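These protein sequence lines are chains A and B, in that order. So in the numbering used here, spot 18 of the first sequence is number 127, and the numbers just go up one at a time. So in the numbering used here, spot 57 of the second sequence is number 166, and the numbers just go up one at a time.
Please keep in mind that the hints were generated in silico from the structure rather than gathered at the bench. Remember, it's a predicted structure, so these values are computed and weren't measured experimentally. Any given hint could be a false lead.
It does not matter which identical chain is meant; a pair holds if it fits inside one copy or across any two.
Unchecked claim - Pairs of lysine to any residue, SDA-like flavour, derived with a Cα cap of 20 Å:
| no. | residue 1 | residue 2 |
| --- | --- | --- |
| 1 | 225 | 145 |
| 2 | 246 | 193 |
| 3 | 246 | 139 |
| 4 | 246 | 155 |
| 5 | 225 | 281 |
| 6 | 225 | 169 |
| 7 | 209 | 136 |
| 8 | 260 | 244 |
Protein chains: 2
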Amino acid sequence: MRLLYHFPLSPFARTIRLALAEKRLPFEARIEREWERRPEYLELNPAGTVPTLIEESGLVIPEAAVIREYLEEAYPDTSLLGRGTERVEARRIAAWFDGKFHHEVGRALIGEKYLKRLSGGGQPDAAALRAAYGALKHHLEYIGWLAETRKWLAGANFSLGDLAAAAHLSTLDFTGDIDWSHSAPAREWYARVKSRPSFRGLLADRVAGVLTPAHYADLDF
Amino acid sequence: MRLLYHFPLSPFARTIRLALAEKRLPFEARIEREWERRPEYLELNPAGTVPTLIEESGLVIPEAAVIREYLEEAYPDTSLLGRGTERVEARRIAAWFDGKFHHEVGRALIGEKYLKRLSGGGQPDAAALRAAYGALKHHLEYIGWLAETRKWLAGANFSLGDLAAAAHLSTLDFTGDIDWSHSAPAREWYARVKSRPSFRGLLADRVAGVLTPAHYADLDF
Chain A
110 MRLLYHFPLS PFARTIRLAL AEKRLPFEAR IEREWERRPE YLELNPAGTV PTLIEESGLV
170 IPEAAVIREY LEEAYPDTSL LGRGTERVEA RRIAAWFDGK FHHEVGRALI GEKYLKRLSG
230 GGQPDAAALR AAYGALKHHL EYIGWLAETR KWLAGANFSL GDLAAAAHLS TLDFTGDIDW
290 SHSAPAREWY ARVKSRPSFR GLLADRVAGV LTPAHYADLD F
Chain B
110 MRLLYHFPLS PFARTIRLAL AEKRLPFEAR IEREWERRPE YLELNPAGTV PTLIEESGLV
170 IPEAAVIREY LEEAYPDTSL LGRGTERVEA RRIAAWFDGK FHHEVGRALI GEKYLKRLSG
230 GGQPDAAALR AAYGALKHHL EYIGWLAETR KWLAGANFSL GDLAAAAHLS TLDFTGDIDW
290 SHSAPAREWY ARVKSRPSFR GLLADRVAGV LTPAHYADLD F
């Protein structure tokens with residue numbers, strides 16, 4: 110059986126869980142706590158980050174950005190990138206969330222509020238949290254703008270752009286950090302993504318020590 | 110003519126300059142100072158980062174990770190990813206430098222020491238610089254280990270892994286921040302990459318306010 114090392118608070122692992130589910134590729138999900146730096150895991154992925162995918166053949170594919178390109182090449186039938194110039198925009202949106210959004214919002218909120226505590230790393234930095242919540246509002250507005258001008262975030266077709274965006278947002282929704290009243294079109298787009306069968310696994314996540322709001326798993330939130 | 114917006118201190122832009130040169134795709138290079146946040150540039154790439162590539166057709170491709178996948182798909186003749194499982198390792202090495210190396214080393218050294226000053230952002234943070242120089246040693250050891258056990262960083266063939274690694278290291282070599290005596294095999298590998306014709310453009314870089322050491326452009330450093 111295909112095996113995926115992941116952690117529920119990792120938006121990168123969430124993107125790959127969604128991508129595998131969209132492509133209908135069954136996998137066993139195994140929790141890996143990055144901060145434990147297990148020697149056996151570092152042999153699979155020297156960077157020590159989740160996710161890492163292991164194919165039945167034994168092929169090891171670490172890092173979300175590497176895995177998603179691999180999945181597109183190995184299993185092209187359900188394409189998550191589309192064709193031609195659509196691929197540029199789908200990758201741009203995914204890079205936006207993996208880079209800019211994670212750097213400005215996700216890393217601070219998840220890192221300061223939860224990973225620090227789970228890994229015994231001390232108190233959150235209040236200034237970093239304030240800056241992250243401020244940036245989150247701008248990102249919700251940007252998503253809302255994209256969702257109002259296009260059917261899906263990268264254009265006419267559902268793509269990796271939607272998956273990456275939803276993965277990052279779902280991590281923060283899981284921890285109750287998103288105020289959806291800030292953007293109605295962003296909320297409407299997220300409700301559409303959340304209703305896809307590929308999302309079910311994420312909605313069943315629970316993490317000890319993290320209080321997940323009731324609306325997290327509610328499709329009619 | 111194909112146009113690339115770049116900045117000499119951006120390792121991401123350097124990766125694409127190298128990739129274009131390796132694929133023998135001529136381009137006009139235009140300097141973009143990210144921190145000025147020019148409205149015309151933000152229309153091309155809302156993230157405001159370099160590089161952004163504009164094809165003669167007018168197609169706009171922002172972000173290094175997006176551009177390099179685009180270039181592989183649009184111009185496959187000189188592949189920088191190789192075949193099959195080689196592609197996983199080439200992308201893993203590139204992701205290592207774009208992610209881990211940049212996060213632990215490059216962002217701090219270039220950001221604190223140079224971009225802060227160039228953009229009028231204040232004094233460098235001494236603790237951040239110390240941590241970055243410490244991490245740099247570990248990365249040089251990792252490169253040395255890869256270079257001793259393989260012909261090129263990702264395996265038997267020259268790849269995007271070498272280009273990304275060399276782009277990130279060359280940015281720090283340009284600012285005189287690398288002590289090559291730390292790893293002889295890393296230095297030997299870098300000398301091989303630096304001797305490639307694709308590197309010539311980078312070796313001619315100059316930035317006002319940055320003192321570039323004499324060995325930077327010396328192939329026999």
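Exercise for review: Give me the numbers of the hints this structure contradicts, sorted from smallest to largest.
Suggested key: 2, 3, 6, 7 and 8
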